[in-house]
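Asks: Here are the chains, one letter per residue:
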Amino acid sequence: MIEVRNLRKTYGPVVAVDDVSFSVSPGEIVGLLGPNGAGKTTTMRMLTGLIKKTSGQILIDGKDIESQMTLLRTTLGSLPDGAGLYPRLTARENIVYFGSLYNLPKKQLHQRLDELIALLHMEAIIDRRTQGFSHGEQTKVALARTLIHDPRIILLDEPTNGLDVLTTRAVRQLLLQLKQENKIIIFSSHLMHEVDHLCDRAVVVANGKVTASGSLTELKKETASETFEDAFVKLAYAGVEA
Amino acid sequence: MRPVVTILQKELRDALRDRRALATIFIAPALNILLIFVIVNLSVYLQQSAKRFVLPVQGVEYAQPIVDWLEEHDVEVTPAPEEAIEKVTAGKLDMVLIIPSDFAEKFDQFDTPALQLVYDKNRKDILGKATNIKIQVQQWAQQIGALRLIVRGVSPKVLSPVKVQDYDISSSQSGSSMVFGLVALILTITTFTTSTGIAIDMMAGERERFSLESLLLTPVTPIKILFGKWLTACIFTLLVVALVLFALGLLIPRLPFSQLGIRGDLAPSDVLQLFVVLMPLAMLSTILQLFISISSKTYKEAQSYIGLLMILPIFVGYFVVWSDVSHDWQYWVPLMSTQMLMEDVLDTQGMNAWHIAASTTATLVFAFFASWLTSRQLNREKIIYG
Chain F
344 MIEVRNLRKT
354 YGPVVAVDDV
364 SFSVSPGEIV
374 GLLGPNGAGK
384 TTTMRMLTGL
394 IKKTSGQILI
404 DGKDIESQMT
414 LLRTTLGSLP
424 DGAGLYPRLT
434 ARENIVYFGS
444 LYNLPKKQLH
454 QRLDELIALL
464 HMEAIIDRRT
474 QGFSHGEQTK
484 VALARTLIHD
494 PRIILLDEPT
504 NGLDVLTTRA
514 VRQLLLQLKQ
524 ENKIIIFSSH
534 LMHEVDHLCD
544 RAVVVANGKV
554 TASGSLTELK
564 KETASETFED
574 AFVKLAYAGV
584 EA
Chain C
314 MRPVVTILQK
324 ELRDALRDRR
334 ALATIFIAPA
344 LNILLIFVIV
354 NLSVYLQQSA
364 KRFVLPVQGV
374 EYAQPIVDWL
384 EEHDVEVTPA
394 PEEAIEKVTA
404 GKLDMVLIIP
414 SDFAEKFDQF
424 DTPALQLVYD
434 KNRKDILGKA
444 TNIKIQVQQW
454 AQQIGALRLI
464 VRGVSPKVLS
474 PVKVQDYDIS
484 SSQSGSSMVF
494 GLVALILTIT
504 TFTTSTGIAI
514 DMMAGERERF
524 SLESLLLTPV
534 TPIKILFGKW
544 LTACIFTLLV
554 VALVLFALGL
564 LIPRLPFSQL
574 GIRGDLAPSD
584 VLQLFVVLMP
594 LAMLSTILQL
604 FISISSKTYK
614 EAQSYIGLLM
624 ILPIFVGYFV
634 VWSDVSHDWQ
644 YWVPLMSTQM
654 LMEDVLDTQG
664 MNAWHIAAST
674 TATLVFAFFA
684 SWLTSRQLNR
694 EKIIYG
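Top to bottom, those sequences are chains F and C. So the number in my numbering is just where the residue sits in the first sequence, counting from 1, plus 343. So the number in my numbering is just where the residue sits in the second sequence, counting from 1, plus 313.
Here chain C stands alone, though its shape is the one from the complex (with noise of 0.2 angstroms):
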């Protein structure tokens, strides 16, 4: 155990001391985090421009029911100016909604005014806003129409004979997993690039500056090299992403998520449950850091194939984000078992007991048998004269 700790002290102390490599650990998390403070914010802002919706009417004074009825649901009434219909045609206004003089004599003789909607149906962006106040006027008639139904004693059910009914998956949960899962692939891509530099200096540096060779010469065995070195990356790993949690942990319970209708809060003791899930995967990826550093011959070759190493997390991470569905062989896979706990923790359905297992086993497996490899590179002649 003395010569790994012996390799930890030396190692922690070389990199504390490259000041330009630790700055740039903290720039990729100070940005990732910065990211989710301002899509959360744009996204409140979006909403709200959203909200105010205004709606020009002619003859607002004709139909004051139809008028109170869209204002209860968000939609501004402003009356509309002069030459309304030929402004629509120019394009100058979005809409006009008609209320003709004759609506409310029409209405108490129970023939059927007509209002006009006047709009461009080619314009795609307006066409969601007509719908929706199309609806909006054809739920205040039909709630008229039922009302004359049963003054007649005939059940409004009658003219409803089938009825499709939304389901809307855009709801609160959907909208809190997608920033979840957001979070999540913070946490899995700071897991996977913080101590890249730290991993190639110690191996391929190793090999480059011609120190490998005195290294393996001493008595201390390639494993306990390696273990060393892999101690030194999972400790530095582990303390960005401790950073990055506590950040999370204070600005994610501050950001305006209730304004977006989605539950975000993220309590010390989900925080605490997001670092031991990722203990696990800080050994697997510097793991990988080092095995593709000590394959490689100088610094620059291991940066590039580190590089192609960073696709993993961020595919898996999309993967995880963009698919809702869960099966329970996900939980085998490492990476993608570790992203679903993550959102599981945050979705507060909490985590799985049998799923932690899976995924801890199967990410330590896959570590181990990484080192194995790692090791076994250690032992071959042309790391040293290749």
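Next up, chain F with everything else stripped away, as it sits in the complex (with noise of 0.2 angstroms):
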């Protein structure tokens, strides 16, 4: 289980994170939505500990993260936004480093692989060089590459951003799959239709606070929509709206 409490992140004068709290356990997945520049990535960045939080805390089941940061690193998998590849590698080149450094042993690594492969349907891609995949394809490694060692939390930057209908469905069933073995799941994104289909609860961050939090039918009942959208769009712009 996964509790951020109060957290905060300041940048000299400026405030990129201000006041978010929310909480995923085990099987769950929840949606970090937010306008462009809300905080969602920074807050993202700080449950991975590559970024200091300036003041609040983050608790895996119960424990601040700074005292358990080597747990953490082969316990989580994050896809940050936009994440490379190395492009004169193949996509099963790419991967295999990545589990090499998670000093998985060879056969699990590659049992592994062939799972992931199957789930995505990379079978025809597999062992390509990954210098001009599409958009869709480099993804669909790149988050390969993120559950490679099989790790209990899952961070999602943006993980649907600009794929087409085949991939986003492989990567949805994926995550349903992931939900079903427990896992938590904490995956940001600004289309609606993927929150509507996908998270349990949704957490509304907007200027570094969080806005609104539960979930999907409470927050659409909350501010009376019919969509989720619509009410992502009162809870995310209140006060901007014309």
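By construction, these hints were calculated from the structure, which means they are not laboratory data. Predicted, not measured: the structure shown is a model, and the values here were computed from it. Each hint should be verified, as a subset may be incorrect.
What the hints assert, rightly or not - Below, a list of computed lysine to aspartate or glutamate pairs in the DMTMM-like style, where the Cα atoms sit at most 25 angstroms apart:
(1) C:Lys-610 <-> F:Glu-501
(2) C:Lys-442 <-> C:Glu-395
(3) C:Lys-442 <-> C:Glu-389
(4) C:Lys-537 <-> F:Glu-436
(5) C:Lys-695 <-> F:Glu-436
(6) F:Lys-450 <-> C:Asp-327
(7) C:Lys-695 <-> F:Asp-362
(8) C:Lys-695 <-> F:Asp-424
(9) C:Lys-613 <-> F:Asp-424
(10) C:Lys-537 <-> C:Glu-521
(11) F:Lys-522 <-> F:Asp-457
(12) F:Lys-395 <-> C:Glu-521
(13) F:Lys-449 <-> C:Asp-327
(14) F:Lys-522 <-> F:Asp-404
(15) C:Lys-695 <-> F:Asp-361
Using the hints, build the complex out of the two chains.
Replies: So, in structure tokens, the structure goes:
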């Protein structure tokens, strides 16, 4: 279980994340939503420990992440926004490289890789160099790279951004399977239909603050909206909307 | 250690697949080696053509002993053409030496016969030759004068109360130290330039492609990531340095150094010593490349900064080549010390153990300090979002 309490990040006078709190339980997919520049990516990066928080707490199973960084590295899989691949290596080499860096035993690594190839339908591209891959193909490989060590906590920053229908479906199916495997999944998006399809709960962030959180039905009810998109607009752009 | 090896394997494979970058690595050293070949052969050619110095003489038959003396001293004497003085005035002839017809007569009577050297003093290009001819003739005259005094029982020394002795430093040693300074410079530049492309790709490239964040998310610590990449760059650099040394080891003993009066061999043991001397420098140059690359956001930015870094070996190299003096403190300065050790190896004077120790220590201290700075860069938050 991940708990985020009063998370805050400032860069000099600029407040990137003001006050963010939420929690995610195993087997749950939580959408971190908000307009561009709301502080989603910064929040995600603080969850990975790559960026130090200014104040607040991030607890995993009740313990602060800073005290368990080594453990976090092996149990966390994060797909950053725009994650790049090594163009001169094949898709397989890209993924195996990371598997080795996660110190996976060879047999386990290749078994896991075969699973991911099947789940993401990568059979045709797996042994091609990634130079010239389409955006969708790149995302699939990056996603497989993120999941190669079978992480318990999964952070995905805009994973379905710019993907075609088939790829989006494959990613969606994969996420639902991971949910069944009792993973903790946080994903950020600004595509509301994606959120509608996948998330159990949503946390709406605007100007570095949580403006609403709850199940999608709750949020719709709260804002008296027909669709989640309407609800989101009311929650995220409160005061801005004409 | 395993992650370091994993990174090394990946980076080597990645670099070896970059065919175009690989090709460019070899172009500069190949051109440099060609340069040595051309410089040495050109020098030999120039020196040989300088020796064939022709002096037209009018009245060769009147003073055969002087003509013989000149010919013994690398001057080719030819009979002067008709109207020689007019031709010199018109600039068609450089100079002419005129021996008067009464030379023998005056000589026998202890009168001082005058030879005339006709040339244009304003022509700087022939001034050296003219002076040389005058000195040669005077030397011959002094010899005769000395003989005359001896015959009369007087020591010729009474005529020279003082004399100035030439101490020509453009001797074979100095000439060869220029050539070997060039060899050392080529080796230093090779050590500094070889891995630049690879280093930029491994650091700035990783930032530009946005793959660095994923790499830092693995359990591998930044310092291990850095060591893997550093090792890759070192291996590449030393591989190319070894190739260049091998090529020089083959080429230098076959160049016509002896015709220049220069000692010019490069024994296999010298090659080996040079390689050992260059090892710490390879560690330093590659970590500097990596440091600059990780501090740059893009490939292009890194390239322009590394271009500036290249001024360093060139500047220090020229300083060492042109200044013949060596002080002990210089062996404590990284880069300069390597350059000087290489010259010690090449100059046959050999290396001093203390100098090797000083140079290696200083270079490695700098290298590890730079690696600390680089791993600090990798730990900075800015590296991810910047």
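Asks: It remains to establish, for every hint, whether it holds in the given structure.
Replies: Evaluation of the provided hints:
Only pairs whose Cα atoms come within 25 angstroms are accepted, and Lys-610 (chain C) paired with Glu-501 (chain F) is accepted, the gap being roughly 23 angstroms. Distance restraint check for Lys-442 (chain C) and Glu-395 (chain C): the Cα-Cα separation of roughly 22 angstroms lies within the 25 angstroms cut-off, and the hinted pair is therefore satisfied. Distance hint between Lys-442 (chain C) and Glu-389 (chain C) is fulfilled; the C-alpha atoms sit about 12 angstroms from each other, no more than 25 angstroms. Using a Cα cut-off of 25 angstroms, the hinted pair Lys-537 (chain C) and Glu-436 (chain F) holds, with the two alpha carbons roughly 20 angstroms apart.
A C-alpha spacing of about 28 angstroms is found between Lys-695 (chain C) and Glu-436 (chain F), which places the hinted pair above 25 angstroms, so the restraint is violated. At most 25 angstroms may separate the alpha-carbon atoms for a hinted pair to count; Lys-450 (chain F) and Asp-327 (chain C) meet this at roughly 24 angstroms. Restraint check for Lys-695 (chain C) and Asp-362 (chain F): the C-alpha separation of about 22 angstroms stays at or below 25 angstroms, so the hint holds. In summary, the hint linking Lys-695 (chain C) to Asp-424 (chain F) is supported, as the alpha carbons are separated by about 16 angstroms, within the 25 angstroms threshold.
The hinted pair formed by Lys-613 (chain C) and Asp-424 (chain F) meets the criterion: a straight-line CA distance of about 23 angstroms does not exceed 25 angstroms. In summary, the hint linking Lys-537 (chain C) to Glu-521 (chain C) is supported, as the alpha carbons are separated by about 21 angstroms, within the 25 angstroms threshold. As the CA atoms of Lys-522 (chain F) and Asp-457 (chain F) are separated by approximately 20 angstroms, the hinted pair is consistent with the 25 angstroms bound. Between Lys-395 (chain F) and Glu-521 (chain C) the alpha-carbon distance is near 22 angstroms, which keeps this suggested pair within the 25 angstroms criterion.
With a C-alpha separation of about 21 angstroms, the suggested pair Lys-449 (chain F) and Asp-327 (chain C) falls inside the 25 angstroms cut-off, and the hint holds. Proposed proximity of Lys-522 (chain F) and Asp-404 (chain F) is supported: the alpha carbons are some 18 angstroms apart, at most 25 angstroms. For the suggested pair Lys-695 (chain C) and Asp-361 (chain F), the alpha carbons sit about 19 angstroms apart, so the restraint of at most 25 angstroms is met.
Hint check: a violation occurs at hint 5 only; the rest are consistent with the structure.
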